[in-house]
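S.K.: Here's the letter readout for the chains.
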Amino acid sequence: MNDRVAVVRFPGTNCEAESLAAVRRAGGEAFVLDYRARSLDGADAVILPGGFSYGDSLRSGAIARFAPIMDAVRTHAAEGGVVVGICNGFQIVCEAGLLPGALMRNAQQRFASRPVDVRIERTTTPCTSHFAPGEVIRVPVAHGEGRYVADPGTLAELEQDGQVLMRYVAVDGTDAPHNPNGSTSDIAGICNAAGNVMGFMPHPERLADEALGSSAGHRIFTSLLSSLTGVSQ
Amino acid sequence: MVAEPFPGERAVTDAVVREHKLNELEYEAIQRMLGRAPTLTELGIFSALWSEHCSYKHTKPVLRRFPTEGAQVVQGPGENAGVLRLPDGWAVAFKIESHNHPSAVEPYQGAATGVGGILRDVFTMGARPVALLNSLRLGPLDDPRNRYLFSGIVKGVGDYGNCVGVPTLGGEVVFSSCYSGNPLVNAMAVGLLRESDLATARADGVGNVLLTVGASTGRDGIHGASFASEDLTAESEKRRPQVQVGDPFTEKLLLEASLELIQSGVIVAIQDMGAAGLTSSSAEMAARGGVGVEVDTSLVPTREPGMTPYEIMLSESQERMLVVAEPGQIDAIRAICHKWDLDATPVGRVTDDGVFKVIHEGRVVAAIPGQELVDGCPMYAPPAAESPAMRARRDARPNVTAPPLTQSLELLLDAPTLASKRWVFEQFDSTVRGDSVILPGGDAGVIRVSGTDFGIAVTVDCNARHTLLDPFEGGKGAVAEAARNVACTGARPLGITDCLNFGNPRVPEIFLQFTEACRGISEACVAFNTPVTGGNVSLYNQNPDGAIDPTPTIGMVGLLHDVSKAVPSHFQASGDAVLLLGATRGHLGGSAYWAEVLGCVGGSPPPIDLTAERALQEALIGAADLRLLRSAHDLSDGGFALALAECCIGGPWATHTFGSDVDLGRHADDVDDEAWFFAEDGARAIASCEPVHVAAIQRIAHEQGIACHYLGLVGERGGNLRIVRDGREFAWSADHLRSIHLQAIPRRMAQAPATGEG
Chain A
5 MNDRVAVVRF PGTNCEAESL AAVRRAGGEA FVLDYRARSL DGADAVILPG GFSYGDSLRS
65 GAIARFAPIM DAVRTHAAEG GVVVGICNGF QIVCEAGLLP GALMRNAQQR FASRPVDVRI
125 ERTTTPCTSH FAPGEVIRVP VAHGEGRYVA DPGTLAELEQ DGQVLMRYVA VDGTDAPHNP
185 NGSTSDIAGI CNAAGNVMGF MPHPERLADE ALGSSAGHRI FTSLLSSLTG VSQ
Chain B
-18 MVAEPFPGER AVTDAVVREH KLNELEYEAI QRMLGRAPTL TELGIFSALW SEHCSYKHTK
42 PVLRRFPTEG AQVVQGPGEN AGVLRLPDGW AVAFKIESHN HPSAVEPYQG AATGVGGILR
102 DVFTMGARPV ALLNSLRLGP LDDPRNRYLF SGIVKGVGDY GNCVGVPTLG GEVVFSSCYS
162 GNPLVNAMAV GLLRESDLAT ARADGVGNVL LTVGASTGRD GIHGASFASE DLTAESEKRR
222 PQVQVGDPFT EKLLLEASLE LIQSGVIVAI QDMGAAGLTS SSAEMAARGG VGVEVDTSLV
282 PTREPGMTPY EIMLSESQER MLVVAEPGQI DAIRAICHKW DLDATPVGRV TDDGVFKVIH
342 EGRVVAAIPG QELVDGCPMY APPAAESPAM RARRDARPNV TAPPLTQSLE LLLDAPTLAS
402 KRWVFEQFDS TVRGDSVILP GGDAGVIRVS GTDFGIAVTV DCNARHTLLD PFEGGKGAVA
462 EAARNVACTG ARPLGITDCL NFGNPRVPEI FLQFTEACRG ISEACVAFNT PVTGGNVSLY
522 NQNPDGAIDP TPTIGMVGLL HDVSKAVPSH FQASGDAVLL LGATRGHLGG SAYWAEVLGC
582 VGGSPPPIDL TAERALQEAL IGAADLRLLR SAHDLSDGGF ALALAECCIG GPWATHTFGS
642 DVDLGRHADD VDDEAWFFAE DGARAIASCE PVHVAAIQRI AHEQGIACHY LGLVGERGGN
702 LRIVRDGREF AWSADHLRSI HLQAIPRRMA QAPATGEG
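For the record, the sequence lines run as chains A and B. All you need for this note's numbering is the position in the first sequence, starting with 1, plus 4. So in this note's numbering, spot 736 of the second sequence is number 717, and the numbers just go up one at a time.
Worth double-checking, as some hints may not be accurate.
Said to hold, decoys possible - Straight-line distance between alpha carbons at most 25 Å, and here's what the computed SDA-like set of lysine to any residue pairs gives:
hint, chain 1, residue 1, chain 2, residue 2
1, B, Lys546, A, Arg29
2, B, Lys320, A, Arg42
3, B, Lys546, B, Glu684
4, B, Lys136, A, Ser61
Claimed, not checked - Covered by chain A, according to a simulated footprint, are these stretches of chain B (three or more residues, beta-carbon under 8 Å):
hint, stretch
5, 400 to 409
6, 568 to 579
Calculated from the structure, these hints are not laboratory results. Where a beta carbon is used, it is the ideal one built from N, C-alpha and C, also for glycine.
Use the sequences and the hints to build the structure in full.
M.R.: In structure tokens, the structure reads:
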């Protein structure tokens, strides 16, 4: 049986199609899980995809964290299960307290839709094991609130414990600012201390197919699926 | 047919009639139709449906002459959107629409709700929106008011589409003084559907139920349709509270619910409550089905108590749909709506008497013969004539000394109309849904049709300056440019939608612009086999300072059989060969060079040779299909030099530029350097390829009967753009040109706070 990945749909989620496709292209089974569900329906891993859950009312992710499904997501994370938050999903896992820090309005006060170059800073997590240390990939971002912030103590801890998953980096010749939102220490994504909960602003699921001209994001999902092998029968 | 006034409403006096923008002739027609004076509710209904926006009373006879047929047409004009056939049972629904007047007084909401409305037009056809485009036109950015409008409009367009989750794949942004105070916001949506899922907006089946789905009804947007049907004046600012407020979050839910309602077969028909809200949606659905309807406004969910039937019928609150269904399906409809956190409420029924009837708390407040209500507005054929000013413009020539050619190219790259639109595109999500193949910033956007090998190319284009100087050639040229852009990606043009933005049709010069531009569009569409599938007319884009340049924006869709063959616009590799397809004639009239560098809007634009255009399209499509092209970019605004510079500069997020080393040889040697560089002759493109493919591409071009000159090579990364002509050399650093091109708009937007007070 294939590994099963649940893609949670909140009202306003809009990246479920590409998230499902990216998991399937990597050989996994993926299904949409409604936010009203109370269990993960046998999923081995959970993706909280991008979008504008609840229209980003109050703050991005501030309402989604109270959705019924989040209890099951929290339990899954506490038991060591894999949880991946992408873009709005990253905002939700931060709001839910599964990851430290918060995502604030972009420093330039405008939406940022563009490719970014991110360096994979840690290759021992379920989403990054198929990358070489320090490898740089070019994937899209598209967000208005992606500026990662945390208090100095948390930041120091993230750096010391190797919890910074990916970072925006400057690539020779690029004339757009390398950091699209002004995030602290160029942080694009982080994980928790145990490494099973991950969140990042870039969208690897949108560029995971050579037919689109690049499959730079594909290995995020092959990594994810190989981390699950053996979890289910 | 009796109707009584709603208690407390104003009497219908002459002054009230005038306030509703109905003239004497129209009011007489109403009284004749009813056999009595209308109630206030009825007057409001007529005022909305007989507005220019809904009735096309000045333009219908002209629009009827558009070519609308073809083997690829599934749905032509008359529905919410046009639909064209794609391979394997797929179809594409698309439409463009204006939201100019609301955006002039409230840029953020005006632009946002423009995007919302066009998305609904597409998903009511049963199509899932997969791409957005827009054409934005503003006054010069040195005016703070224009900066305020520009930033508000871009943010409004972006926030709405981004939240709904539809990628913006292209667009154009044009700055000209004629748009100061008259900004244009044209939004286009493109959706995909299985042809078998096609939905219509035709009310059928006496006894069937009308339901509202989505947002409740408030007092916003009342008389939006009639507002859009008058000149902008100092009074227009007072219309600001009438501009609708958008909620893209609800739109996303409504999109999902509507598609599920259509695909599950539980409804008979569906229509967006857009301009003129419940009035136009119910009246138009009934007229299409040849039936009557009865709407009970006291059943419509409202945002505040005490709303009158007049207000409920004319509200333009956003994110609402009107659905027709069999009574037995109400529970199933509600279940689907609840899944998406929405409600559905029965508000009326289909009747057999052909009467458009409105009831409120048991009282009949409107009863109008339905078909005549929709079709009975008097039509006008205003005079069309050239003005002395038109002739004077054609005779005008630049009368300043031209700067050196090297400097002129830099000035053109710095002109906001020709500059990089990265500042704009960064605010639009272009990659959501994960099917984007060619992003904004090239000739046309390309997306894959998910789960298939094929893709579609989409673009919007119009050269309003050419249209001002010669409306007929301008109309032809807009279609030709769109088709060139589509063909540059390797896609075959399939059909168009048009957004016809003009001034006041009662001015003979403006009505001439309108009829001639439409004639040009028709001629080009026939030549290219790209039927008109629908569109929108926006008149009265005029304020006390004058009318806008005639702007017939063309939205085009093309088919790419194998999306992996999509061709980008910019150079891809050093050492590739550079080719120029098509003939250079050196026609500078109407050029961006004259306008932006020499300060002269004048002359006659280059005549469009439709045979040559068609041949160029075929050559580009043929070469792309054999994977011979590495890049292809059409020549339009700014001519050869600007297009070559863009090929070297690369796309908005390119990691490096390329130099180029080209020699113009003896091609068009009767043309002087200035005209060679900047003339805007049509039917031309710059292509690059591996040197080994040059002969094959030249063979294809010659088979089509067009010239294909080898000019030289793509240079080193970050190298110089070098053009040699008859021993004369012109050179620029490609990195320097890129920096000018990219900074032109951000530099101007940073110069001073852009506020509404400007």
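S.K.: Against each hint, give a clear statement of whether it holds in the structure.
M.R.: Cross-check of the supplied hints:
At roughly 21 Å between alpha-carbon atoms, Lys546/B and Arg29/A fall within 25 Å of each other, so this suggested pair holds. For the given pair, Lys320/B sits about 16 Å from Arg42/A by alpha-carbon distance, which is consistent with the 25 Å threshold. For a cut-off of 25 Å, the pair hint linking Lys546/B to Glu684/B stands: about 21 Å separates their Cα positions. At roughly 17 Å between alpha-carbon atoms, Lys136/B and Ser61/A fall within 25 Å of each other, so this suggested pair holds.
Counting residues of the stretch 400 to 409 of chain B whose beta-carbon sits less than 8 Å from any beta-carbon of chain A gives 5, enough to reach three: the coverage restraint holds. Residues of the stretch 568 to 579 of chain B with a Cβ under 8 Å from some Cβ of chain A number 0, which does not satisfy the need for three, so the listed coverage is violated.
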